[in-house]
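Student: The listed protein sequences correspond, in order, to chains A and B. The first sequence: position 224 = 224 (my numbering), numbered continuously. The second sequence: position 136 = 572 (my numbering), numbered continuously.
No lab work stands behind these hints: they were computed from the structure. Note that the Cβ used here is the ideal one computed from N, Cα and C, for glycine as well. Hints are supplied without guarantee of correctness; some may be wrong.
For lysine to any residue, the following SDA-like pairs were computed, each having C-alpha atoms within a straight-line distance of at most 25 Å [unchecked claim]:
1) B/K658 / A/A334
2) B/K868 / A/H383
3) A/K428 / B/K500
4) A/K432 / B/K500
5) A/K428 / B/I821
6) A/K230 / B/D768
7) A/K222 / B/E766
8) B/K864 / A/I385
9) A/K432 / B/R444
10) B/K658 / A/D332
11) A/K432 / B/E453
12) B/K658 / A/P337
13) A/K222 / B/D768
14) B/K864 / A/F16
15) A/K107 / B/H819
16) A/K432 / B/E456
17) B/K868 / A/E17
18) B/K658 / A/A292
19) A/K222 / A/A292
20) B/K842 / B/V583
21) B/K599 / B/E574
22) B/K868 / A/V18
23) A/K428 / B/V454
24) B/K868 / A/G65
25) A/K64 / B/K864
26) A/K428 / B/N442
27) B/K543 / A/N384
28) A/K428 / B/E456
29) A/K64 / B/E854
30) B/K543 / A/I385
31) B/K599 / B/T657
32) A/K428 / B/D457
33) A/K64 / B/E857
34) B/K500 / A/E418
35) A/K222 / B/G722
36) A/K432 / B/G501
37) A/K175 / A/G249
Output of the computed footprint for chain A on chain B, the stretches with three or more beta carbons under 8 Å from beta carbons of chain A [unchecked claim]:
38) 521-535
39) 746-753
Residues per chain, in single letters:
Number of protein chains: 2
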Amino acid sequence: MLRFYNGRVLSMHGDFEVHEDYEVWVQEDRIFYVGPALQAPKAGNKETGGSDFDGRFQEEIDLKGNLLMPGFKNAHTHSPMTFLRSYADDLPLQEWLYHRVFPMEDKLDPEMIYWFTKLAILEYLSGGITASFDMYAEPEANAAANVEMGFRTVLCGTLNDFKDSIPTLEHFYQKYNHYHPRIRYQLGCHAEYTTSEGLLRELGALAAQYHAPVYTHVSETKTEVEQCRKRYGKSPIEALADFGLWEYGGGGFHCVHISDADMDIMREKGLYAVTNPASNAKLASGIAPITAMQDRGIPIAIGTDGPASNNCLDMFREMFLVTALAKLREEDAAACPAEKVLSMATVEGAKAMGLLDCDCIAVGKQADLIVLDLHQPNMQPEHNIVKNLVYSGSKQNVSLTMVAGKILYREGRFSVGEAPEHIYETVKIMCKRLEA
Amino acid sequence: MLRFYNGRVLSMHGDFEVHEDYEVWVQEDRIFYVGPALQAPKAGNKETGGSDFDGRFQEEIDLKGNLLMPGFKNAHTHSPMTFLRSYADDLPLQEWLYHRVFPMEDKLDPEMIYWFTKLAILEYLSGGITASFDMYAEPEANAAANVEMGFRTVLCGTLNDFKDSIPTLEHFYQKYNHYHPRIRYQLGCHAEYTTSEGLLRELGALAAQYHAPVYTHVSETKTEVEQCRKRYGKSPIEALADFGLWEYGGGGFHCVHISDADMDIMREKGLYAVTNPASNAKLASGIAPITAMQDRGIPIAIGTDGPASNNCLDMFREMFLVTALAKLREEDAAACPAEKVLSMATVEGAKAMGLLDCDCIAVGKQADLIVLDLHQPNMQPEHNIVKNLVYSGSKQNVSLTMVAGKILYREGRFSVGEAPEHIYETVKIMCKRLEA
Chain A
1 MLRFYNGRVL SMHGDFEVHE DYEVWVQEDR IFYVGPALQA PKAGNKETGG
51 SDFDGRFQEE IDLKGNLLMP GFKNAHTHSP MTFLRSYADD LPLQEWLYHR
101 VFPMEDKLDP EMIYWFTKLA ILEYLSGGIT ASFDMYAEPE ANAAANVEMG
151 FRTVLCGTLN DFKDSIPTLE HFYQKYNHYH PRIRYQLGCH AEYTTSEGLL
201 RELGALAAQY HAPVYTHVSE TKTEVEQCRK RYGKSPIEAL ADFGLWEYGG
251 GGFHCVHISD ADMDIMREKG LYAVTNPASN AKLASGIAPI TAMQDRGIPI
301 AIGTDGPASN NCLDMFREMF LVTALAKLRE EDAAACPAEK VLSMATVEGA
351 KAMGLLDCDC IAVGKQADLI VLDLHQPNMQ PEHNIVKNLV YSGSKQNVSL
401 TMVAGKILYR EGRFSVGEAP EHIYETVKIM CKRLEA
Chain B
437 MLRFYNGRVL SMHGDFEVHE DYEVWVQEDR IFYVGPALQA PKAGNKETGG
487 SDFDGRFQEE IDLKGNLLMP GFKNAHTHSP MTFLRSYADD LPLQEWLYHR
537 VFPMEDKLDP EMIYWFTKLA ILEYLSGGIT ASFDMYAEPE ANAAANVEMG
587 FRTVLCGTLN DFKDSIPTLE HFYQKYNHYH PRIRYQLGCH AEYTTSEGLL
637 RELGALAAQY HAPVYTHVSE TKTEVEQCRK RYGKSPIEAL ADFGLWEYGG
687 GGFHCVHISD ADMDIMREKG LYAVTNPASN AKLASGIAPI TAMQDRGIPI
737 AIGTDGPASN NCLDMFREMF LVTALAKLRE EDAAACPAEK VLSMATVEGA
787 KAMGLLDCDC IAVGKQADLI VLDLHQPNMQ PEHNIVKNLV YSGSKQNVSL
837 TMVAGKILYR EGRFSVGEAP EHIYETVKIM CKRLEA
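All chains should be modelled from the sequences, with the hints used to inform the complete structure.
Tutor: Put into C-alpha cells, the structure is as follows:
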C-alpha cells in the first residue's frame, strides 16, 4: 500500500472541487482509498473498507499541500514521430508531408519505432500524461516500449490502401487486447482520403462483428473535405457514417472543418471529437469549432498529435490552446471555460480511448495520477486552482507521475528501467542511420 | 570571475549558430569572454584579452553540453497584476475589466504592489526571463521589488486622464533613469482612449524635450479603433502620430487591429510592435498581423501582458503562440519561422525596451543569460536546436537564470534574498485584505 497524505485532491469524480487535506491510498495498480485523512481506513476494519489493509505502508508520500489529480490522457498522438521533431518545420504543408516526412518514414524499422516511442514516453511522463492513444505502424514495437517502461497506451488501427488489411487489423485487435493490462487496441483507419470505400465498408463490418468503436483522422484540412465532396458528394464524416464505420461509436481526430450536418451525425453516433489545436495551428489547418460541438453535446478529448507536427507532447500547452483558440474563433472571452478544458484533458480523454477505469480518482479505479507542485510562482495566488492549472499551468509543475500504481517520474527523475540518456543516445544513432 | 564551460552557446550575436564547446566568462555584471574553450584568455595575457584576469575563478559551472543563451525579454507586462491571476477568467471583456479588475485595483496600496511584483519576478526567473518592460502604478514599489530581488526592469509611464500628469511623468523619468543600474524608465501613456488630445500633445512635447521614445497600448481591440475613428476620424496610431508622440520612436503594445496606413507610420517612426498573443487570444481581441509587419520591416518584440489577462508569464508559451497564430492567420505553415520568433523574444525585446547592452551574448554586454537543459525528452533529438526551443521548449528546460552576472535561479531554487514561500504567504495575506 502506498499513501499520499497532507495534500489536496482534485478527483474529477463528477465535479471540480479541490478537497483539502485528503489522502489517496494506492494498492497494487488501483486506488484503494480517497477521502479525508480523518476517515481513512483502519487496519482490518471491514466497515470502513479497510479489510485488505494490514496497517503497513510500503511508502508514505507527504504531498506538502500540493495537488493530486488524474493524469492527462493524450487522446491522439503518433509517438514514434519523435524522430522528426524539428526536422522540417516552417514549411508549407504539402512539402512538409510529401518531401520530408514520408521519405523518412519509409526507412523506419521496428527497432527504430521501439526507441522513438520510448523517447515520447519520457516526454509524456515529464508532462503528467499517463496514457496515449497512439496511431502508428508496427504496433508490436510500440507495445513493447510501453510495456517495458510501465506506460499505458491504447493502440489505434492504421488501416489504409497502402498498408495493413482487414485480417491484419482483426489480428491486431485480438492480440493487443489480450497482450498486457496496460495495452489496448481500438479499430481505426488512417483517413477517408487514404482508404477506399470498399475497405472502409469492410472496416464497418469488422466493427459490427466486434461491436467496436472506430477511430480515424477526419476533416483536418479544408482540402481533405473538398476532395471528399468531389469523390462522394459528401463530407468525410457523412461518407464514413454511410459506409457503416460508426455503428458502435468511436471518434474523429482533428475535426477542424466540420459542418452542422457533421455535428448532427457525431452526436447521433456518440462520436468523440479529439481536438489537436497546436498541430492544427502549426500546420495552418484551422481552428476546430469547439464551442459549437460542446453546445451540441458532442464529447471532446484533446491530443497533442505527433511530434513532427506539434512539436511537443505537452497537454498544458494543448489545454491553453483549446480555450484560447475557441475564444478567438467565437470572439468571446467567455467561450470554453477552464473547467471544461480540464475535463477534456483527463476524464473525457479516458472515455474517448475506452479507458473507463482510468478517468478519475475514485476507489477501484486505476492509479493513473499526477502530483502538481502548487508552490511555484505560476500557481500563486490560489484564487481558483482549476483556472490556475489551465491558464497558467506548465509541465514545470509536474512533480510526480504514476501509471497503474507505479511512480515513473518524480522530481525530474525517471524510473522506467533505463537511463534517459541511453534513450537519447540510441535515438540519435537511429536518426543518423535514417539520414544516411 | 565566473566560468561556464563544456556547453553550447547560442549567442544570438547576429546569427542563430549554436557553438559547440564554447565557454562564457562573466566578470561582475558583464560578459568577459565568449568563444571556444581553446582560445579562452590566459591570466595576465593582454594580447588574448586576459589582462584583467588573475587566473582565478570564483565559480566554475559545468554546462554538461547544455545551452547557454541570452535571457528572454518580456517586452510588455503589468507585473503587479499577479494578484488577479485566476480571479476572473472566462468572462466577457467588459465585465472582466469594469466589474472585476478595476474595483480590485482601486484598493491597491504600494506595499501590495511591492509584494505582487515580487511574485511576478519569481515567475520570470523560473521561465528564463531576465528583464521586464513593466507598466503599472506606483513605480517606487515596483522598482524597490526589482532592486531587492536582483531583477532588471524598464518601468513604463502610465499617463492618462485619471492618474499621473506630465510633471509626474517627467519626475519619474528623471528619477528612475538615475536610480539603479538595473532600473530604467521610458515615457509612456496608458492608451489613446484614456488620454485626452491635450495631454497626448504635452507628452509629445516632453518626448521632444528629452529626445525620448514613447510607448503605449494601441489598437488592442476592434472597439478601441472604432471609437478612436469616431473621435478623431483616424486610427489610434494615426492620431497618436499626429499628436507628436513618436518623433523619437517608441512602440505600441498589442497592435492587433492595425491597418496598412498604420504600418507605414510605424515603419516611418521606427516604432516597435510589442505583440501579446496569449492575452489577445484569451480576451478574444484577435490575432496581430505579425507577418505583414515583418514584411514591412517593423521590428517586433514579445510580451506576456499582465497575469490578469494571460494568466502566466511564460515566454515559451508566447513564442509558440506568435508563430502558431501567424500561421493560422496567414493560412501558411511557413509563416513566421522559429528563428524570427526567438529573435523577437530576446534581441528585439531588449532593443524595444532600450536595453542595448542586454541583447546578446558578447564581450562587454550585461550578463543576462539563461541555461536550458537539453537533456530532457522535449529537446531530443537535436535536428535543430532553435526550432526545438521555439516549438517544443518549456519553462521546464530552464535550469539557470542570471541577471547582471548574478545567478538568481538554478535547478528550481531561487536566490533572491528571501524564500519564495514567504512571498507566496505575504501575497495571500494581501489578497485577503483586498477581498475583505
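Student: Look at each hint and say if it fits the structure.
Tutor: Each hint tested on the structure:
1. As the CA atoms of B/K658 and A/A334 are separated by approximately 17 Å, the hinted pair is consistent with the 25 Å bound.
2. For a cut-off of 25 Å, the pair hint linking B/K868 to A/H383 stands: about 10 Å separates their Cα positions.
3. The suggested pairing of A/K428 with B/K500 holds, with an alpha-carbon distance near 17 Å, which does not exceed 25 Å.
4. A distance of roughly 22 Å separates the Cα atoms of A/K432 and B/K500; the hinted pair therefore holds under the 25 Å criterion.
5. For the hint pairing A/K428 with B/I821, the CA-to-CA distance comes to about 14 Å; that is within 25 Å, so the pair holds.
6. Taking the CA atoms of A/K230 and B/D768, the gap is near 24 Å; set against the 25 Å cutoff, the hint holds.
7. In summary, the hint linking A/K222 to B/E766 is supported, as the alpha carbons are separated by about 14 Å, within the 25 Å threshold.
8. Note on B/K864 and A/I385: the hinted pairing holds, with a Cα-Cα distance of about 14 Å set against a maximum of 25 Å.
9. Using a Cα cut-off of 25 Å, the hinted pair A/K432 and B/R444 holds, with the two alpha carbons roughly 20 Å apart.
10. Between B/K658 and A/D332 the CA atoms are separated by roughly 13 Å; this keeps the pair inside 25 Å, and the hint holds.
11. Using a Cα cut-off of 25 Å, the hinted pair A/K432 and B/E453 holds, with the two alpha carbons roughly 21 Å apart.
12. Distance restraint check for B/K658 and A/P337: the Cα-Cα separation of roughly 23 Å lies within the 25 Å cut-off, and the hinted pair is therefore satisfied.
13. Proposed proximity of A/K222 and B/D768 is supported: the alpha carbons are some 13 Å apart, at most 25 Å.
14. Proposed proximity of B/K864 and A/F16 is supported: the alpha carbons are some 22 Å apart, at most 25 Å.
15. Of the pairs offered as hints, the one joining A/K107 and B/H819 holds, with about 17 Å between alpha carbons and a cut-off of 25 Å not exceeded.
16. Straight-line distance between C-alpha atoms of A/K432 and B/E456 comes to about 19 Å, which keeps the hinted pair within the 25 Å bound.
17. For the proposed pair B/K868 and A/E17, the alpha carbon gap of about 21 Å is at most 25 Å, so the pair holds.
18. Between B/K658 and A/A292, the direct Cα distance comes to roughly 24 Å. Compliance with the 25 Å bound is thereby established for this hinted pair.
19. This hinted pair checks out: A/K222 and A/A292 have alpha carbons roughly 18 Å apart, not beyond 25 Å.
20. Simply put, B/K842 and B/V583 have alpha-carbon atoms about 13 Å apart, close enough for the 25 Å limit, and the pair holds.
21. Restraint check for B/K599 and B/E574: the C-alpha separation of about 11 Å stays at or below 25 Å, so the hint holds.
22. Pair hint B/K868 plus A/V18 holds up; C-alpha atoms about 19 Å apart against a cutoff of 25 Å.
23. Between A/K428 and B/V454, the direct Cα distance comes to roughly 18 Å. Compliance with the 25 Å bound is thereby established for this hinted pair.
24. About 19 Å separates the Cα atoms of B/K868 and A/G65, which keeps this hinted pair within 25 Å; it holds.
25. For the hint linking A/K64 to B/K864, the alpha-carbon distance of about 17 Å falls within 25 Å, and the restraint holds.
26. Distance check on the hinted pair: A/K428 and B/N442 sit about 20 Å apart at the alpha-carbon level, within 25 Å; holds.
27. The hinted pair formed by B/K543 and A/N384 meets the criterion: a straight-line CA distance of about 21 Å does not exceed 25 Å.
28. A C-alpha spacing of about 17 Å is found between A/K428 and B/E456, which places the hinted pair at or below 25 Å, so the restraint holds.
29. In summary, the hint linking A/K64 to B/E854 is supported, as the alpha carbons are separated by about 20 Å, within the 25 Å threshold.
30. Straight-line distance between C-alpha atoms of B/K543 and A/I385 comes to about 24 Å, which keeps the hinted pair within the 25 Å bound.
31. At most 25 Å may separate the alpha-carbon atoms for a hinted pair to count; B/K599 and B/T657 meet this at roughly 22 Å.
32. Taking the CA atoms of A/K428 and B/D457, the gap is about 19 Å. The hint holds against a cut of 25 Å.
33. Among the hinted pairs, A/K64 with B/E857 is consistent with the structure: their alpha-carbon atoms are about 12 Å apart, no more than 25 Å.
34. The hinted pair formed by B/K500 and A/E418 meets the criterion: a straight-line CA distance of about 20 Å does not exceed 25 Å.
35. Taking the CA atoms of A/K222 and B/G722, the gap is about 22 Å. The hint holds against a cut of 25 Å.
36. Proximity of A/K432 to B/G501 is assessed by CA-CA distance (about 19 Å); at most 25 Å being required, the pair is judged to hold.
37. Distance check on the hinted pair: A/K175 and A/G249 sit about 21 Å apart at the alpha-carbon level, within 25 Å; holds.
38. With 9 residues carrying a beta carbon less than 8 Å from a beta carbon of chain A, the region 521-535 of chain B meets the three-residue requirement, and the given coverage holds.
39. Counting residues of the region 746-753 of chain B whose beta carbon lies closer than 8 Å to any beta carbon of chain A gives 6, which reaches the threshold of three, so the coverage claim holds.
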